[in-house]
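Colleague: Protein chains in written order, with the working numbering: chain A, 1 to 392; chain B, 1001 to 1282.
The reader is advised that the hints may include incorrect statements.
Here are the in silico distance ranges between beta carbons for each label pair [stated by the list, open to error]:
| id | chain 1 | residue 1 | chain 2 | residue 2 | range |
| --- | --- | --- | --- | --- | --- |
| 1 | A | T198 | B | K1147 | 23 to 31 Å |
| 2 | B | N1136 | A | D97 | 36 to 44 Å |
| 3 | B | Y1225 | A | L13 | 43 to 51 Å |
| 4 | A | P366 | B | K1147 | 22 to 30 Å |
| 5 | B | D1154 | A | P366 | 21 to 29 Å |
Distance condition first, Cα-Cα at most 30 Å in a straight line; then the derived DSSO-like pairs of lysine-lysine [what the hints assert, rightly or not]:
| id | chain 1 | residue 1 | chain 2 | residue 2 |
| --- | --- | --- | --- | --- |
| 6 | A | K4 | B | K1169 |
| 7 | B | K1157 | B | K1089 |
| 8 | B | K1241 | B | K1226 |
| 9 | A | K3 | B | K1117 |
| 10 | A | K363 | B | K1117 |
| 11 | A | K363 | A | K382 |
| 12 | B | K1157 | B | K1169 |
| 13 | B | K1169 | A | K3 |
| 14 | A | K281 | A | K182 |
| 15 | A | K363 | A | K3 |
| 16 | B | K1147 | B | K1157 |
| 17 | B | K1157 | A | K4 |
| 18 | B | K1147 | A | K4 |
| 19 | B | K1157 | B | K1117 |
| 20 | A | K147 | B | K1117 |
| 21 | B | K1147 | B | K1226 |
| 22 | A | K147 | A | K281 |
| 23 | B | K1147 | B | K1117 |
| 24 | B | K1117 | B | K1169 |
| 25 | B | K1117 | A | K4 |
| 26 | B | K1147 | A | K3 |
| 27 | B | K1083 | B | K1169 |
| 28 | B | K1147 | A | K363 |
| 29 | A | K182 | A | K29 |
| 30 | A | K363 | B | K1241 |
| 31 | A | K363 | A | K147 |
| 32 | A | K3 | B | K1157 |
| 33 | B | K1083 | B | K1117 |
| 34 | A | K170 | A | K182 |
| 35 | A | K281 | A | K170 |
| 36 | A | K4 | A | K363 |
| 37 | B | K1169 | A | K363 |
The set of hints was computed from the structure by calculation and includes no laboratory data.
Built from N, CA and C at the ideal position, the CB exists for glycine as well.
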Amino acid sequence: MTKKTHRLTAAALLALMFAMIIVLEQIIKPTDAAAMLLTVLKKSSVYALVAVSMNLLNGFTGLFSLGQAGFMLLGAYTYAIFTIPLADREFVYQYYDCVVHFSFPEALGSIMGGFGALLGVALAVILAGLVAAAAAWLIGLPVLRLKSDYLAIATLGFAEIIRAVFQWGKLGPVTNAANPLKNYVRLNFFRLSIGDTTINLSAFASVMMATLCIGAIVLLVNSSYGRAFKAIREDEIAAEAMGLNLYRLKQLAFCISSFFAGIGGAMLAMFANTVQANNFKAAMTYEILLIVVLGGIGSISGSCISALLFIFSSEWWLRGLDSGRFLGIAAPSVFRNGFRLVVFSLIIMAVVLFFRRGIMGDKELPYAAGRLWGRLRAFLAKADRKAGEPNG
Amino acid sequence: MAEAVLRLEDVTMQFGGVVAVNDLSLEVNEGEIVALIGPNGAGKTTAFNCITGVYEPTNGRVLFHGEAIVEGYPQGRMRAQYKGENLGKYANTIRYTPDRITRRGIARTFQNIRLFKALTVFENVLIAKHMRARQNVFSAALRLNAKEERRMRDEVKLLLDAQNLAHLKDHVASSLPYGLQRRLEIARALATGPSLLLLDEPAAGMNPQETQELAAFIQELREEYKLTIFLIEHHMDLVMKISDRVYVLDFGNLISHGTPDHVQSDPRVIEAYLGVADDAED
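Next comes chain A alone, as it looks inside the complex (with noise of 0.2 Å):
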């Protein structure tokens, strides 16, 4: 196949995806067994851009950083703080008195309307992502000196401070401390409303922003640039004698990198009713480095699959083993809270025996399809020769 077809059977089955996704959301009723679906499928949309972009620092660059909860984190307060209605400021800030009076959706939604607030939500996203990168350039200035573990500590440090610093009370005004910020615009923000009839578009939403993120970061491991990077990962003195700046393309894939866990964090928020700093721990990282590491150091796609099969298991089909009743075998003295996370520990490692370097290794999807074909072609020509033997 040319690149061209190759491309056209990209676009065509994303198409395909989204108008699933946009169906099933008109079918599903939120009260349905089956809505666990589309809140499971935000979630992972969610996970699958910030693993993707923790894979363009780790898997292609070659750095090993652990701020990503840290970069979520900024990312989902820059989001909620500028989409909270003013109206709504005394309530969410009740123990502060407000210091920011703006909302991206408000004030582009009383100039133009509906797609006004559709803009000012957009241009909330991106600011949040912007200020994650800024903060990831400031850290950079020291950390980006050190070294595979080094790095790690000092990036972990790093997040840890900002979680600490968003809940000190003398940043209430801005931050609300310690308490939960709320009534920003969320995923139900999503739909069209023609006449009667309300079209859903909530999980259509968030995998739409997911892909556009994650194509983003696609097109960037593919330019020049991109090869630049992988050149830092496969032996940094070569890549400065090669004539690389090697501090500030670090920099650069830091700062992207941050970037979209920026826009993550927010959309994290989007699918959350609150956004609250203490939820942002390093086990929010830990898990997203799971799912690189899970999904193969260096695979955009290997993480996105990862990241579906991590929130699907963990969020849905592996529910039943918390709460007494599992494929239809009841048993609630060994079903009991915590049996999930020993079930969900021995698959993870089933994995990492079995795929050693995680489900695709650091190829992509195409080529792992295309084996794979390839080998059913084989299979099947096989087939058809023994079928013919016995007549000839």
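Using the hints provided, position chain B relative to the given structure of chain A.
Modeller: Just chain B now, kept in the frame of chain A:
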């Protein structure tokens, strides 16, 4: 006489109390092939690392086309420890990172081949083109630099054709046999558009047949790309065959220099190097 392409002035490199290179002065003129030889541990690679900005020399200066690219003098604790000469002769610190020195036109290869192992032959060479491409991260990601990208790819294709590596362009670098990996490393260095090429033991691990081919290859490079070549080598037959001039280092000190014939008959060299090298000549 025209200005030398590369000139080292009193370069001294001291690690703690150990003097790796002591007061090294040499010059490489336009279009010459000059060799730096010496027994193991003589400080040859250290000298290369001082030129390319990997190390910061303790004292001394490096000039490239008459312009100082590296300069240093003992500072801090080194002031008390310094064992070399020419103290006080240099008072500036000029320090470029290796990438900026490459950008000025000095390309190098490494003693222990340093390819981008998981990338293809084509990508390996293409990366060398990144530094001179007119693009930024946005234009590259959004494919607004298509023309620039095509130019880079075309140049790499031409270079690979010229180096007889074109048929291997989609092979992963680490899958190539040793000799071809060396060829690829040289091709990658050429792709940075250098005027001076530093080769660190290009014939290491090669058999006599391959070494002979390499000798012809290096001479071809000089003609074709109008290069000046400065190399470190242990294979004496290669050095004597292709070099215009030879510098000999021993324990960090320059003990002799001149034409290959002159160096070969210098008693100090024979004592330090060729005397024991009779058995270890290849």
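Colleague: With reference to the structure, classify each hint as holding or not holding.
Modeller: Hints versus structure:
{"no.": "1", "hint": "A:T198 with B:K1147: 23 to 31 Å", "verdict": "48 Å, violated"}
{"no.": "2", "hint": "B:N1136 with A:D97: 36 to 44 Å", "verdict": "43 Å, holds"}
{"no.": "3", "hint": "B:Y1225 with A:L13: 43 to 51 Å", "verdict": "47 Å, holds"}
{"no.": "4", "hint": "A:P366 with B:K1147: 22 to 30 Å", "verdict": "26 Å, holds"}
{"no.": "5", "hint": "B:D1154 with A:P366: 21 to 29 Å", "verdict": "26 Å, holds"}
{"no.": "6", "hint": "A:K4 with B:K1169", "verdict": "22 Å, holds"}
{"no.": "7", "hint": "B:K1157 with B:K1089", "verdict": "48 Å, violated"}
{"no.": "8", "hint": "B:K1241 with B:K1226", "verdict": "19 Å, holds"}
{"no.": "9", "hint": "A:K3 with B:K1117", "verdict": "25 Å, holds"}
{"no.": "10", "hint": "A:K363 with B:K1117", "verdict": "15 Å, holds"}
{"no.": "11", "hint": "A:K363 with A:K382", "verdict": "27 Å, holds"}
{"no.": "12", "hint": "B:K1157 with B:K1169", "verdict": "9 Å, holds"}
{"no.": "13", "hint": "B:K1169 with A:K3", "verdict": "18 Å, holds"}
{"no.": "14", "hint": "A:K281 with A:K182", "verdict": "19 Å, holds"}
{"no.": "15", "hint": "A:K363 with A:K3", "verdict": "17 Å, holds"}
{"no.": "16", "hint": "B:K1147 with B:K1157", "verdict": "15 Å, holds"}
{"no.": "17", "hint": "B:K1157 with A:K4", "verdict": "22 Å, holds"}
{"no.": "18", "hint": "B:K1147 with A:K4", "verdict": "19 Å, holds"}
{"no.": "19", "hint": "B:K1157 with B:K1117", "verdict": "19 Å, holds"}
{"no.": "20", "hint": "A:K147 with B:K1117", "verdict": "20 Å, holds"}
{"no.": "21", "hint": "B:K1147 with B:K1226", "verdict": "27 Å, holds"}
{"no.": "22", "hint": "A:K147 with A:K281", "verdict": "23 Å, holds"}
{"no.": "23", "hint": "B:K1147 with B:K1117", "verdict": "28 Å, holds"}
{"no.": "24", "hint": "B:K1117 with B:K1169", "verdict": "13 Å, holds"}
{"no.": "25", "hint": "B:K1117 with A:K4", "verdict": "29 Å, holds"}
{"no.": "26", "hint": "B:K1147 with A:K3", "verdict": "18 Å, holds"}
{"no.": "27", "hint": "B:K1083 with B:K1169", "verdict": "50 Å, violated"}
{"no.": "28", "hint": "B:K1147 with A:K363", "verdict": "28 Å, holds"}
{"no.": "29", "hint": "A:K182 with A:K29", "verdict": "25 Å, holds"}
{"no.": "30", "hint": "A:K363 with B:K1241", "verdict": "47 Å, violated"}
{"no.": "31", "hint": "A:K363 with A:K147", "verdict": "25 Å, holds"}
{"no.": "32", "hint": "A:K3 with B:K1157", "verdict": "19 Å, holds"}
{"no.": "33", "hint": "B:K1083 with B:K1117", "verdict": "41 Å, violated"}
{"no.": "34", "hint": "A:K170 with A:K182", "verdict": "20 Å, holds"}
{"no.": "35", "hint": "A:K281 with A:K170", "verdict": "21 Å, holds"}
{"no.": "36", "hint": "A:K4 with A:K363", "verdict": "20 Å, holds"}
{"no.": "37", "hint": "B:K1169 with A:K363", "verdict": "19 Å, holds"}
The structure shown violates the earlier hints numbered 1, 7, 27, 30 and 33.
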